[in-house]
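Q: In case you want the letters, here they are:
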Amino acid sequence: MIAAIKAPLIDWSALAPFTSLTVGAVVVLIAGLVGSARLRSWLVPGLALVTLAVTAVELLSRWNHPKVIVSEALRVDNLTVTLGLLCVGAAAFAVILSLRSDTEEGVGRGEYHSLLLFTTIGMLILIAANDLVTIFVGLELLSIPLYVLCATELRREHSLEAGLKYLIVGSVGSATLLYGLALIYGATGSTSLPKIGVAISDTGALTDPLLLAGMALAIAGLSFKASAAPFHQWTPDVYEGAPTPVTTFMATATKAAALGILLRILVGPLLPAVDDWAPVIAVIATLSIVVGNFGALGQDSLKRMLAWSSVAQVGYLLAGLVVATSLGIGALVFYLVVYAVMTLAAFAVVIENERTSDDGERLSGFAGLGRRRPWLAGAMTVSMLSLAGLPPTGGFIGKLAIINADASGGWMWLAIVLVLGSLVSLGYYLRVIATMWMTEGSAEKTPVVKQAREIVAVALLAAAVTIAAGVLPSWPLERAQDVGQTVISSR
Amino acid sequence: MELTLLLLLPLATGLLGAVLGNRLVKPLAVLGGLGTLGLAVGLALNYDTALGGSQFTVDKLWVKPLGIHWALTIDGLNLALVVLTAFVYASVVVACALREQENPRLFYFHLGLGASAVLGAFLAQDLILFVLFFDLMLVPFYFLVGQWGTGDRVGATTKMVIYTLAGSLLMLAAAVATGALTASHHGQHVDFLISNLQRLPLGKGTQQWVFLCFAAAFLVKMPAVPLHGWLKDAYKSMPLPVLALFSGVLSKVAAYGFLKLALPLFPDAAASFQDLLLGIGVLSIVYGSALAFTTNDARLVVGYSSIAQLGFILIGIFSLTSDGAQGALLQMVNHGIVTVALVLIVGVLASRAKGSEDLGSMGGIAMGAPVLAVVFLIAAFANLAMPASANFVGEFLILKGVFDSVTVVAVIACLGVAMAAVYMLRAYIRAMHGPDTNGVEQRDLSLREALPILPAIALILALALSPQPLLKRSEGPATAAVIPAAKAANIDPIQTATAAQGKR
Amino acid sequence: MLNSYLPAIVFLLLGGVVGTAFALMNGIFGPKTNRRSASKTSPYECGLPSDVQQGFRFGISFYMIAMLFILFDIEVIFLYPIAVKLKEFGAFALVETSIFVALLFVGFGYVWRRGALSWR
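Protein chains in written order, with the working numbering: chain A, 1 to 491; chain B, 1001 to 1504; chain C, 2001 to 2120.
Honestly, the hints are just simulated from the structure, not real lab data. Glycine is no exception: its CB is placed at the ideal position from the N, C-alpha and C atoms. Among the hints, a few may not be true.
[Claimed, not checked] As a list, the in silico DSBU-like pairs of lysine-lysine whose alpha-carbon atoms are at most 35 Å apart: (1) A:Lys67 - C:Lys2087; (2) B:Lys1354 - B:Lys1060; (3) C:Lys2032 - A:Lys195; (4) B:Lys1236 - B:Lys1354; (5) A:Lys67 - B:Lys1236; (6) C:Lys2085 - A:Lys450; (7) B:Lys1026 - B:Lys1060; (8) B:Lys1236 - B:Lys1064; (9) A:Lys450 - B:Lys1487.
[As the list claims (entries may be wrong)] Okay, the calculated beta carbon distance ranges per label pair: (10) C:Val2095 - A:Val57: 47 to 53 Å; (11) A:Arg156 - B:Arg1448: 24 to 30 Å; (12) A:Ser364 - B:Glu1441: 41 to 47 Å; (13) C:Thr2020 - A:Ile10: 54 to 60 Å; (14) A:Val23 - B:His1185: 40 to 46 Å; (15) A:Pro279 - B:Leu1005: 45 to 51 Å; (16) A:Glu157 - B:Thr1150: 42 to 48 Å; (17) A:Asp359 - C:Val2101: 35 to 41 Å.
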């Protein structure tokens, strides 16, 4: 009887990361409803972590087995695997970092973790999208749970404000993207990325104003999500207002997903039009570097500062995208991963400091941290040095790779902008380091709260990886270039 | 392999000490310092002078996708500087171990990291590797000043870092551009090995801005006069042993960078900017000297005299003659050793004058401290390039080189020699002689104080007696470094070299 | 080309004309007296004075249930096309639909358990 089932061909093993995440999200949601609060407090995060671990393994098994699945809606290739792993990892660390937050008070644990898993599915779909419709579905599935997650600290006004702000601005971004996608469809007559690529190659140079407008709108829409200037205004408020583990997740995974799909569209079907979009991206990159770095100067809230700095970092990343070669994309992917790791370290330290002191999120709360908790301050120091692009960290190698790609691709001025931006960024990164190590804490308060070992461990692990990426960058860089190669050859 | 070990030894011992705890940190650091020195001296003794060229070479592909090599070597150009670095590091570690530090674990870690980075910069044969170490050098000193400094240490260290990194980051972009543009200029893939890049020079137009970026980084680091704004505050707040390391070797990396990178890689640009850099050098000599004899701060006398001395080194290099380059190289070594001695002596003087480093609060210390007086005098004489000191030989060679290439500059630079005598002797007299009006403590050098200073003094004397071994090793590579640029500038670098041979 | 837009244009015109006509006819045919009576100036001009007091608020549960109703209502709509074409798709569609319905039930169970259906 089973044989009689007339099913479309579905590659279940390639689809496995998506299905397992979905099942996990549902199970976690249900698990949040059973048992006592005590049971839930470890069962729900535990199940979420198991789900993410399973997904990670499934993703890993797809490395170097590129496949287009679900009627060409999804493409599971090395880019999907790499950035998917990044997002899944970010989600797992978000779970770990929020183990001790009092979510029971506001939104229940089940909802929180379930939403986190759902938004991760959205990211995976977005990164793997091979069709304009899939892009939009992925983006919405990414965004909507994230709006809610921003507002999960119901008792805090800023959290609600962040959620609402993100909802409104995010919707504008989605609408812009949707309009852009519609125009691209109108111009090329297909929603499938490969077919769009063929249509564009056939017509040759981009002269169709419809297509140009569509491309511009799509870039703008995704820039909203990646918070690249001039579409970044929401970033500081939302990053500050959202619960810090959610901010961590947004700063790492959302950016990776948005840049991933930007990469897939621009270097995929739109590659023949590289001369049309590269200047646009270069301008966005320059603006982001300038606006982000100058915005971060003089911020007293660490979360706001990191938000501005993330705008600048997106600028650096886009500088790698401008050079649509495997060199540039490799640099972009490598720096994206390093950026995620060093940002994770910084936010983990902020979370731990928030727990143990009253003004932990303000710069003043970091005064004397080097004396009180040298390991924690050490992790933060590594993160700041890496974000600033100083050796011997992954940030240095990443910037080096991007500068190298820019210089080889004839974008020397962009490399200079990047370097000058890094110089400005020292003004605020060093300020954090100086506050931790070179000023005395206002009063040596004995921490009322017990130190959270797992958060410190995350911070130290991320810092160690940051250093490792700076000392032994060969292997990850080669893998990153593999990814670049598959993206270019997939079209 | 030996070179990798040499490079990593200070860092490894520092790191080990930081991890293992307070009790082991000092012995480990001292062990690291002496071990580094021993290793460096051993390598120098094993360096086959007759053979010359690069020896003990390590060359592994480090970052394959970017073509960056872990390439280290010792040649005639960096041999003396590597030994100098190891020597200064050992002295500084010993000096530090004899006093108490707050948070010693991190202190020695940063110190070791700094020493490793400097060694790396001297040894590196890959352009990017050099830049990496050049940038890395700054990080530990940022902490050393900011955490263990005095006065407005945070402001001072921030200023220092921003100044220095402004240059370094431009150099980073320029270095990457050198590789990338060389590849596109010659239509073939190249890595960043300096020897490979040297074979394929860039186009003349590109050389100009790339050279300027490199020059900016080096001139800030030295520092040379219009770019020396960070020096005063940083020197004022740096702990003295740290200052000895900083002033003794870090500025030499910049001067070495000119010889190793800027001249061979961008000969046309070096030739066309020769006048500019000679001008900066002369300005540094005159202005640095003037600052040195107007300040009352013993520490700043040393600092400003460094500006003047590095001005000499700069004009020596940009005379684009073999003599000038050799003199510059010798002078780098001399100045490194003398600075260590002088900085540590300033510390001793301050301890006699109730902790004040103001020359006005000293005076008459020599009465009860003959050994200290002699030691200070030797260092001072060496610094003012007294005939018979190795500094004299160095400055003589520099001036001779400059005289042969741009006479006017040499004439002005000669003023600097006289001014050096003025500021050094003024500092010496103010501190040591005269009536004791301030109630200074007239105590002689204790063993504890003498231990790190005396080796430096001994080395000064040894070099004064016989600078020849040093000159012999550096002659070939120093000449080779200036030849391409000299050709571009239509200067014959060798004509003077043969004349110098006759002199010796 | 423009032909395909003709129905839309006709529709727009018709809508405009009818709307305007009704608005004007009121004034023309209605009683001319007593223009400013209380019922006339009230927000809902449907003849009856409103019972609702100013401070009145709908219970939050009303919104909650209305929202959930819309959600489940719309999801049920998805079942309709499958029902129509079930024969063509065969057992696969049945399995798919069962999963879909099961997920709906999970959602329903969640809503119930969280207490969104109990009137407060």
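Q: Taking the hints in turn, state whether each one holds.
A: Results of checking the hints against the structure:
Taking the CA atoms of Lys67 (chain A) and Lys2087 (chain C), the gap is about 31 Å. The hint holds against a cut of 35 Å. Distance check on the hinted pair: Lys1354 (chain B) and Lys1060 (chain B) sit about 53 Å apart at the alpha-carbon level, beyond 35 Å; violated. With a C-alpha separation of about 68 Å, the suggested pair Lys2032 (chain C) and Lys195 (chain A) falls outside the 35 Å cut-off, and the hint is violated. The hinted pair formed by Lys1236 (chain B) and Lys1354 (chain B) meets the criterion: a straight-line CA distance of about 17 Å does not exceed 35 Å.
A threshold of 35 Å between alpha carbons decides the hint, and for Lys67 (chain A) with Lys1236 (chain B) the separation of about 64 Å lies outside it, so the pair is violated. Distance restraint check for Lys2085 (chain C) and Lys450 (chain A): the Cα-Cα separation of roughly 61 Å exceeds the 35 Å cut-off, and the hinted pair is therefore not satisfied. Pair hint Lys1026 (chain B) plus Lys1060 (chain B) holds up; C-alpha atoms about 33 Å apart against a cutoff of 35 Å. Pair hint Lys1236 (chain B) plus Lys1064 (chain B) does not hold up; C-alpha atoms about 43 Å apart against a cutoff of 35 Å.
Between the alpha carbons of Lys450 (chain A) and Lys1487 (chain B) the distance comes to roughly 70 Å, so the proposed pair goes past 35 Å and is violated. Between Val2095 (chain C) and Val57 (chain A) the C-beta distance comes to about 26 Å, which lies outside the given range of 47 to 53 Å. A C-beta distance of roughly 59 Å is found between Arg156 (chain A) and Arg1448 (chain B), which places it outside the suggested range of 24 to 30 Å. Separated by about 43 Å at the C-beta atoms, Ser364 (chain A) and Glu1441 (chain B) satisfy the suggested range of 41 to 47 Å.
For the pair Thr2020 (chain C) and Ile10 (chain A), the supplied restraint of 54 to 60 Å holds, since their beta-carbon distance comes to about 56 Å. A hinted range of 40 to 46 Å for the beta carbons of Val23 (chain A) and His1185 (chain B) is inconsistent with their spacing of about 57 Å. Taking 45 to 51 Å as the suggested C-beta distance range, the pair Pro279 (chain A) and Leu1005 (chain B) conforms, at roughly 50 Å. Distance hint check for Glu157 (chain A) and Thr1150 (chain B): the Cβ-Cβ separation is about 45 Å, which falls inside the suggested range of 42 to 48 Å.
Restraint check, Asp359 (chain A) to Val2101 (chain C): a C-beta distance of roughly 52 Å breaks the suggested window 35 to 41 Å.
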